[in-house]
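Peer 1: Sequence:
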Amino acid sequence: MSVIEVVVAAPVDTVWEALRDKEKIRQWHGWDFDGLDAEVDHIYLTDVVEDGRTLALGGGDRFSLTPSGTSTLVTLDRAPLGGNPELDAYHDAITEGWTTFLQQLRFALERQPGAVRRTLFFEGGFPDLAHVDSRWTADLVGEPVTGELWFRSANQVGVTVDSWGEGLLVVVDAPSAMVVLSTYGLDEAAFGDLEARWSKRFAG
1 MSVIEVVVAA PVDTVWEALR DKEKIRQWHG WDFDGLDAEV DHIYLTDVVE DGRTLALGGG
61 DRFSLTPSGT STLVTLDRAP LGGNPELDAY HDAITEGWTT FLQQLRFALE RQPGAVRRTL
121 FFEGGFPDLA HVDSRWTADL VGEPVTGELW FRSANQVGVT VDSWGEGLLV VVDAPSAMVV
181 LSTYGLDEAA FGDLEARWSK RFAG
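Numbering-wise, the sequence shown is residues 1 to 204 according to my numbering.
In short, the hints are calculated from the structure, not lab data. Positions of the beta carbon are idealized from the N, C-alpha and C atoms, including for glycine.
Beta-carbon label-pair distances, calculated as ranges:
(1) S199 to G35: 17 to 23 Å
(2) G142 to L73: 38 to 44 Å
(3) G192 to L73: 36 to 42 Å
(4) A174 to T54: 27 to 33 Å
(5) A190 to G60: 37 to 43 Å
(6) E50 to G142: 44 to 50 Å
Restricting the straight-line Cα-Cα distance to at most 25 Å, the calculated cross-link-like pairs of lysine to aspartate or glutamate (DMTMM-like) are:
(7) K22 to D61
(8) K200 to D139
(9) K200 to E123
(10) K22 to E110
(11) K22 to E5
(12) K24 to D61
(13) K24 to E50
(14) K24 to E5
(15) K200 to D34
(16) K24 to E195
(17) K24 to E39
(18) K200 to E188
(19) K200 to E143
(20) K24 to D187
(21) K200 to D32
(22) K24 to D13
(23) K22 to D47
(24) K22 to D77
(25) K22 to D51
(26) K200 to D187
(27) K200 to E166
(28) K22 to D41
(29) K200 to D173
(30) K22 to D32
(31) K24 to D47
(32) K24 to E110
(33) K22 to D37
Construct the complete structure from the given sequences, taking the supplied hints into account.
Peer 2: This is the structure:
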């Protein structure tokens, strides 16, 4: 069984609310698309079992929250292989998805508590962040940016981007290459420019 863990610098009750309140879930789960509300309902609010600060999802994954000083250890136990043949084929991709989402949860609670995010999602490789370490400065798809390393895992890297209202960029290398941009407080013109440049980068 795969286990994903992340320590969030927030109290257990705050993290639990972020797992149970639909609007708060939308600020860290996945990315913006027409079916996001339905996806949140299906995963977190339908066919789930709460037990203290444990949340068992209908697909077999289980969240557990444990106090760690003033922070919270979030543990996600993945559903074992063989329990759902339809999902088994996507097991590794779902595990990487959860890794992204838990880091976005941590970011939302630690850096952007209560804020509303706007996101962009693209499929494809993005090797530009392979050597980021600590603070970084780069020309990122035509934009001079600064930020810091947020996390690194076997198949992912996440960096903050100051000019996105302090936002977050997550790059996933495998099993499917993709990027997720989380932005905060950008006006329509700035967000539109960001979307246009990144869409061109990943076009065809």
